[in-house]
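> For chain A, the structure is supplied; the task is to place chain B on it using the hints.
2 protein chains.
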Amino acid sequence: MRIPDHIGLIPDGNRRWAQREGFNKEKGYMFGLIPGVKVFKLCEKLGVKEITYYGFTTDNTKRPKLQRKAFTDACVKAVNMLSKEDASLLVLGNTRSQMFPKELLPYTFKRKKFGNGGIKVNFLVNYGWEWDLANLKENNSTNRKTIKKNINSYDVSRIDLIIRWGGRRRLSGFLPVQSVYSDFYVVNDYWPDFKEKQFYDALKWYDDQDITLGG
Amino acid sequence: MRIPDHIGLIPDGNRRWAQREGFNKEKGYMFGLIPGVKVFKLCEKLGVKEITYYGFTTDNTKRPKLQRKAFTDACVKAVNMLSKEDASLLVLGNTRSQMFPKELLPYTFKRKKFGNGGIKVNFLVNYGWEWDLANLKENNSTNRKTIKKNINSYDVSRIDLIIRWGGRRRLSGFLPVQSVYSDFYVVNDYWPDFKEKQFYDALKWYDDQDITLGG
Numbered sequence: 485m486r487i488p489d490h491i492g493l494i495p496d497g498n499r500r501w502a503q504r505e506g507f508n509k510e511k512g513y514m515f516g517l518i519p520g521v522k523v524f525k526l527c528e529k530l531g532v533k534e535i536t537y538y539g540f541t542t543d544n545t546k547r548p549k550l551q552r553k554a555f556t557d558a559c560v561k562a563v564n565m566l567s568k569e570d571a572s573l574l575v576l577g578n579t580r581s582q583m584f585p586k587e588l589l590p591y592t593f594k595r596k597k598f599g600n601g602g603i604k605v606n607f608l609v610n611y612g613w614e615w616d617l618a619n620l621k622e623n624n625s626t627n628r629k630t631i632k633k634n635i636n637s638y639d640v641s642r643i644d645l646i647i648r649w650g651g652r653r654r655l656s657g658f659l660p661v662q663s664v665y666s667d668f669y670v671v672n673d674y675w676p677d678f679k680e681k682q683f684y685d686a687l688k689w690y691d692d693q694d695i696t697l698g699g
Numbered sequence: 485m486r487i488p489d490h491i492g493l494i495p496d497g498n499r500r501w502a503q504r505e506g507f508n509k510e511k512g513y514m515f516g517l518i519p520g521v522k523v524f525k526l527c528e529k530l531g532v533k534e535i536t537y538y539g540f541t542t543d544n545t546k547r548p549k550l551q552r553k554a555f556t557d558a559c560v561k562a563v564n565m566l567s568k569e570d571a572s573l574l575v576l577g578n579t580r581s582q583m584f585p586k587e588l589l590p591y592t593f594k595r596k597k598f599g600n601g602g603i604k605v606n607f608l609v610n611y612g613w614e615w616d617l618a619n620l621k622e623n624n625s626t627n628r629k630t631i632k633k634n635i636n637s638y639d640v641s642r643i644d645l646i647i648r649w650g651g652r653r654r655l656s657g658f659l660p661v662q663s664v665y666s667d668f669y670v671v672n673d674y675w676p677d678f679k680e681k682q683f684y685d686a687l688k689w690y691d692d693q694d695i696t697l698g699g
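Protein chains in written order, with the working numbering: chain A, 485 to 699; chain B, 485 to 699.
Excised from the complex, chain A in its bound form (with noise of 0.2 Å):
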């Protein structure tokens, strides 16, 4: 089977998982960690080179501020226990605001390694296309790799498999240089419904797409 170098996650439905389920909206985000974990050790296990997840964008940070407590205290847990794993870390996102959680500064900048290093992990928080373009230089270049050079996540590879949760079927500003040919795969499931099987549903899907990249 052919596995993607790099996969997106946009773990979605957490706050409708949590309204089913008979909680207040901003409980389903705890409920995620786990599966992000999940998705980790599979990729580890099946040489996945790089991951990318989705944490919170700038779009998000309107939401009301109990939520946006809760998806916030989330991402920053959530990195800390892969920062418990064999990966090396990236957290990216507009950091001058002062919606970004200052427990995760450390993290930014310079990608860090943890245990043996292993994959590499991106995490968006605090993430907003805009921000991402917003120090493009004016080269009047149409040459890719100097956009991609200027750009704020230039430490991001090409993205090859985008898998979503939670039915949606649209990038929400996730990365949009790097996902410009990436395969995208919904899951109609919430992201706190993660099951391995999804996830291989996904891979199984990529292994049967012809990649031209336009050729």
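These are computed hints drawn from the structure, not numbers from a lab. Glycine included, every Cβ here is placed at the ideal spot set by N, Cα and C. Some hints here could point you the wrong way.
Sample of chain B residues facing chain A (criterion: CB under 7 Å; computed from the structure) [unchecked claim]: (1) L617; (2) S641; (3) V664.
Simulated crosslink set (DSS-like; lysine-lysine; CA at most 25 Å straight-line) [claimed, not checked]: (4) A/K632 - B/K629; (5) B/K549 - A/K633; (6) B/K546 - A/K633; (7) B/K546 - A/K632; (8) B/K546 - A/K546; (9) B/K629 - A/K546; (10) A/K629 - B/K525; (11) A/K632 - B/K596; (12) A/K561 - A/K597; (13) A/K629 - B/K533; (14) A/K633 - B/K681.
Frame of chain A; chain B shown alone:
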């Protein structure tokens, strides 16, 4: 029914259609012309305000010369056909490259009104995401409007719904900035097999989507 203001169309599968019909691959493109006008008429009827057609990309030009000639000719014909309608037309793409058909130069740079203007129609020809982002100024600002104003496709609005024919679930470089929140619907049939029902099914699906823009 909630009608999208702006629909993006990725008319894929022309070559696979041609092969299935026993033609050479490059013969498929011409069979995509009538569907293109049919979609236009449907949008007109339903009150869609803007349509973007994905013609060909800078990546597509790496294909064999015969194919390149065929899809370029089809794009020239398509734009000419649309100029017979009530449309406000703009062709977007890298005009400095030899791959850009000279016949379409009059449609570039400034939007042109045909008939009573009607729908805003954008047609991407020798388009590349790298071309689109190439002139972004180093403004160090995370203001979306500033970024949007400085990309080459600044006159193209945010896309509500993208419909891709031909079964592939990826954007293939289609307007990364305008697509950040687009709902993405995939038709498995090839573009020359266009049927009104596919289009209405996409609209029906779109009507069920919950538009949150991250909120």
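> Which of the listed hints are not met by the structure?
Violated hints: 2, 5, 8, 10, 11, 13, 14; rest satisfied.
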